[in-house]
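Please put together the full structure from these sequences, using the hints given.
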Amino acid sequence: MSDLLKIADKTYQSRLLVGTGKYKDFAETRAAIDASGAEIITVAIRRTNIGQTAGEPSLLDFLPPEEFTYLPNTAGCYSADDAVRTLRLARELLDGHKLVKLEVLGDPNTLYPNMIETIAAAKTLVKDGFDVMVYCSDDPIIAKQLEEIGCVAVMPLASLIGSGMGILNPWNLGIIIENAKVPVLVDAGVGTASDAAIAMELGCQGILMNTAIAAAGNPILMAGAMKKAVEAGREAYLAGRMPRKLYSASPSSPTAGLIT
Amino acid sequence: MQLNINGKPRSFEPANLTVADLVQHLELVGKRLAIERNGEIVPRSQFDSTQLADGDKLEIVGAVGGG
Chain A
0 MSDLLKIADK TYQSRLLVGT GKYKDFAETR AAIDASGAEI ITVAIRRTNI GQTAGEPSLL
60 DFLPPEEFTY LPNTAGCYSA DDAVRTLRLA RELLDGHKLV KLEVLGDPNT LYPNMIETIA
120 AAKTLVKDGF DVMVYCSDDP IIAKQLEEIG CVAVMPLASL IGSGMGILNP WNLGIIIENA
180 KVPVLVDAGV GTASDAAIAM ELGCQGILMN TAIAAAGNPI LMAGAMKKAV EAGREAYLAG
240 RMPRKLYSAS PSSPTAGLIT
Chain B
0 MQLNINGKPR SFEPANLTVA DLVQHLELVG KRLAIERNGE IVPRSQFDST QLADGDKLEI
60 VGAVGGG
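The listed protein sequences derive, respectively, from chains A and B.
Numbering of the first sequence is given in numbering that gives the first Met the number 0, commencing with residue 0 and proceeding in unit increments.
Numbering of the second sequence is given in numbering that gives the first Met the number 0, commencing with residue 0 and proceeding in unit increments.
Hints listed in this document are in silico derivations from the structure and should not be mistaken for laboratory results.
There could be a bad hint or two in this list.
[What the hints assert, rightly or not] Straight-line C-alpha distance at most 35 Å; calculated DSBU-like pairs for lysine-lysine: (1) A:K9 <-> B:K7; (2) A:K180 <-> B:K56; (3) B:K56 <-> A:K97; (4) A:K23 <-> B:K56; (5) A:K227 <-> A:K180; (6) A:K122 <-> B:K56; (7) A:K244 <-> B:K30; (8) A:K126 <-> B:K56; (9) A:K122 <-> B:K30; (10) A:K126 <-> B:K7; (11) A:K9 <-> A:K180.
Here's what the structure looks like:
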């Protein structure tokens, strides 16, 4: 069955997008990403360590940009200006690459997004020709506005970044998904495989996660679990679940032919 | 010449470096990076032709792990 994720006119087999942070080393990062089957990987843009020994390996040596679709992010930005500046540098760094993840934070403790700054940055970036995948709160009105601005995907949180608290408001996510004309991906909050399956069963087009894999006891094993959970949740969504009933007078085994 | 690179002051012996010269001095040749000079991005194709001036503020960035 061909069921591809389509973002900004490009299609992907995998609906699991992963971050590249918080791993023990680059080898573990690579092994976990391979196990996850992810095709889109996020990276952060940071000041180069001047004086770094010339031969020291970099993330790009382990994850060549030719093999993956890079999704540079604006993690750590607290204003629209900083986010736009960061992504313009990312575009230069990655040879004109347009697909980006916009996130503008509002508070260093909760990492809750600042949607006023996010909307301002999204407007500038879309005008500037970027394909913007935008991290947002799970407010259906904000999500719609981001779509109308021209973002190519909206990515509401399921719970706070790095919290692993799972899908805290499936009803809001449901409303966002129902109203959206662009892909909705859950970004942040997934803690374990069942969370990923639940998000996909709601009708999300995909999931972006980092800590749930990187901070697991065995990140590589968890990466494989997440791959299966995303696939299982997607198939369950497409299949359509049976209706919920408090009880059923219809047992699965025939009532005829009982031994009496 | 005096430059401010990634938030730190640095001085260099030659008086008129280009961005390409600077990249060489910092042993960053061949690294994937992007450079901003006084708030404006310097495209890689202009590293050779972009002359630095005393007091320039430079940001040199690369891709690192992140979520």
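### Task
Please work out if K122 of chain A and K56 of chain B have their alpha carbons no farther apart than 35 Å.
Holds. K122 of chain A to K56 of chain B sits at ~28 Å (cutoff 35 Å).
### Query
Within a Cα-Cα threshold of 35 Å, do K126 of chain A and K7 of chain B meet the stated pairing?
Roughly 33 Å separates the two Cα atoms, so the pair holds.
#### Entry: Restraint check for K9 of chain A with K180 of chain A, where alpha carbons must lie at most 35 Å apart
Between K9 of chain A and K180 of chain A the Cα gap is close to 16 Å, so the pair holds against 35 Å.
### Hinted pair K227 of chain A and K180 of chain A, Cα distance within 35 Å
With a Cα-Cα distance of about 26 Å, the restraint between K227 of chain A and K180 of chain A holds, given a limit of 35 Å.
#### Entry: Agreement of K56 of chain B and K97 of chain A with the hint, judged by alpha carbon distance not exceeding 35 Å
26 Å, holds
### Task
For the pair we were handed, K180 of chain A and K56 of chain B, check the Cα-Cα distance against 35 Å.
Status violated; Cα separation ~43 Å.
### Query
Does the structure keep K9 of chain A and K7 of chain B at a Cα separation of 35 Å or less?
Given that 35 Å is the threshold and the Cα spacing comes to 41 Å, the pair is violated.
### Task
Compare the distance between the alpha carbons of K122 of chain A and K30 of chain B with 35 Å, and conclude whether the hinted pair is satisfied.
Cα-Cα ~32 Å, so holds.
### Task
Please work out if K244 of chain A and K30 of chain B have their alpha carbons no farther apart than 35 Å.
The hint is violated at about 60 Å.
### Query
Are K23 of chain A and K56 of chain B close enough, with their CA atoms no more than 35 Å apart?
34 Å, holds
### Query
Would the pair K126 of chain A and K56 of chain B pass a check requiring their Cα atoms to be no farther apart than 35 Å?
OK: K126 of chain A and K56 of chain B at ~27 Å, within 35 Å.
Checked against the numbered hints given earlier, the structure breaks hints 1, 2, 7 and satisfies all the rest.
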